[in-house]
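One-letter residues, chain by chain:
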Amino acid sequence: MIREGVINWAILLGLVALPLWAVFADEIFTITLTTRVVILALAAVGLNIALGIGGMVSFGHAAFFGLGGYAMGILAYHAQTYAALDFGIVEIEGTKSMPVIWLVATAISALAAWLIGLLSLRTTGVYFIMITLAFGQMFYYFAISWGAYGGEDGLSIYVRNGFPGLNTLVPIQFFGLCFVALCVALILQWRLRGSSFGLTLNAARQTPERVETVGLNPMKLKLLAFVISGAITGLAGALFADLNRFVSPAMFSWQLSGELIILIIIGGVGRLMGPVIGAMIFVALEHWLGGLTDFWHVYLGAILLFIVLFSRGGVIGFLTGKEGPHV
Amino acid sequence: MSEVILATQGLQKSFGALKATDDVSIDLRPGEIHAIIGPNGAGKSTLIAQICGALASDTGRVELLDRDVTALNTEQRARAGLGRTFQISALAMEDSVEDNVRLGAIGAMGSPWNVFRPVSRSADVVARANDALERVGLTGARETRCADLSHGQRRQLEVAVALTLEPKAFVMDEPMAGLGADGSKTMTGFLDGLRDEAPILLVEHDMDAVFALADRISVLVYGKIIATGTVSDIRASDAVRTAYLGENA
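Residue numbers (this note's numbering), protein chains in the order written: chain A, -16 to 310; chain B, 105 to 353.
A portion of the hints provided could be inaccurate.
[Stated by the list, open to error] Okay, the calculated bits of chain A under chain B, using three or more residues with CB under 8 angstroms as the criterion: (1) 167 to 178; (2) 184 to 193; (3) 197 to 204.
[To be verified] Quick list of simulated restraints, FRET-style, between CB atoms: (4) B:Arg183 with A:Val153: 51 to 59 angstroms; (5) A:Val109 with B:Ala121: 29 to 37 angstroms; (6) B:Arg183 with A:Leu268: 47 to 55 angstroms; (7) B:Pro222 with A:Val153: 36 to 44 angstroms; (8) A:Lys203 with B:Pro143: 33 to 41 angstroms.
Just so you know, these hints were derived from the structure itself, not from any lab.
Where is the CB? At the ideal position from N, CA and C, for every residue including glycine.
With the hints as constraints, model all of the structure from the sequences given.
In structure tokens form, the structure reads like this:
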């Protein structure tokens, strides 16, 4: 069996090597595909903090992904139309600056996660799953009916947003930005898991009554994790919107929430690199099998079934021979 | 120091028509072990849950060091100085022994919010956790996953987590449950030494342990305290004998 650290580094190196090779081979689409992997992995890293460490099976994380996407879409739309955002008492200019957009996307997603978490975390189990799904769908239907920003048709952004010192229109440079964001999120997850907060959050998942009897509030711990999780997924949404230069209500859809969960299960719930390997497999299947048949989800379902039945620790669990991240 | 560390006054809890606890008034004094005994279904676990704040009482009050803590929830009561152990071990089974006691230490110090600094670098947390492990004799098993511990070791770990809180009073729900004769003897010896640190309200079925440890015993039957006294008082009580052995005893 292979040590998890070795696997983690191999995955990261592979993720860097593939687009670098694509630059030399002039395979631009491969860079775009890898960027998609990185962004989906970033969204799933966010969910992994809530689901893998905190045990919160959120079926509504697309809400944060969509909020991040629409934060980008709306700010960029107002910048390209030179029309300020009118809040009645105050007008705000749009922007094409990625750092500003990321800040807004993470702040809005964090705020939404706080509000949703505050209500959802009063429930557990299947009720938590259902209430988060309901919140996600609320955003989805709101976006469909939001005619000012494209409604059902979504919103196109004609030029990719900018980052100081970089030409984000060059695919490998945009990949680099997304990869750095993913690495920062992975470092955060790694450090969080070993911190006081991670230890207590992990205990709150397993034995909330014990956490209470040592004087801590499991709900507050989970709420903070949910906020951090939502913020990271929101950032991924903003990057995803920039990758496609398009936002649509599909970013809020329950299918996307489900796909994020699937990525984590395939990679390994709670594993540091679980979301990354999960996203790699997901995008590979989507690309190659999707080219062969419209019914590629059947194969995805078969893989998921195999993993759930025979390798509860996901691909990383299979490779390390350890079912859980703490075993 | 207060004459009474922990006290309940007229605690009552009903589930529909069933009175699980009925006008229960007990107290716990410095340095003593006060055992609560009673047959199955007497209301002992309900009483523990009411005292620790896991279950809201219909009427009555709970005082800790002369402070009314009735309105406080479990975590607030823990912070006020109540250290609880569970009848069925409530431990983070996936985590190591060390992580379980560190959880207690983090709770005791109220410092769970650092998301970036490794807990192993928190000298206070580590020292407090190590001290608790050493006291219960689990230092050698610190890296063992909790799920891989023997039942007896889990009971020890339960106590170790409570120790990290340095509580004003312990509330222990059947710490001997499932222990063999040797394990029970070891735990009895340990609890005997613990009373000087903080008094213990002990719910226990192991009568040998209760009679060896308790300064006072209260007998709970159908939710009511039918007798309170020393070991010899309880042994001599007709009411207790009748409750345990039936009318013809």
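Tested hints:
1. 167 to 178: holds (count 5)
2. 184 to 193: This one holds; 6 residues, not fewer than the three required, reach chain B with a Cβ under 8 angstroms.
3. 197 to 204: holds (count 5)
4. B:Arg183 with A:Val153: 51 to 59 angstroms: 55 angstroms, holds
5. A:Val109 with B:Ala121: 29 to 37 angstroms: Distance hint for Val109 (chain A), Ala121 (chain B) holds at roughly 31 angstroms.
6. B:Arg183 with A:Leu268: 47 to 55 angstroms: Roughly 50 angstroms apart at Cβ, these two residues keep to the hinted range, so it holds.
7. B:Pro222 with A:Val153: 36 to 44 angstroms: 38 angstroms, holds
8. A:Lys203 with B:Pro143: 33 to 41 angstroms: Holds, at about 39 angstroms.
In this structure, every one of the numbered hints holds.
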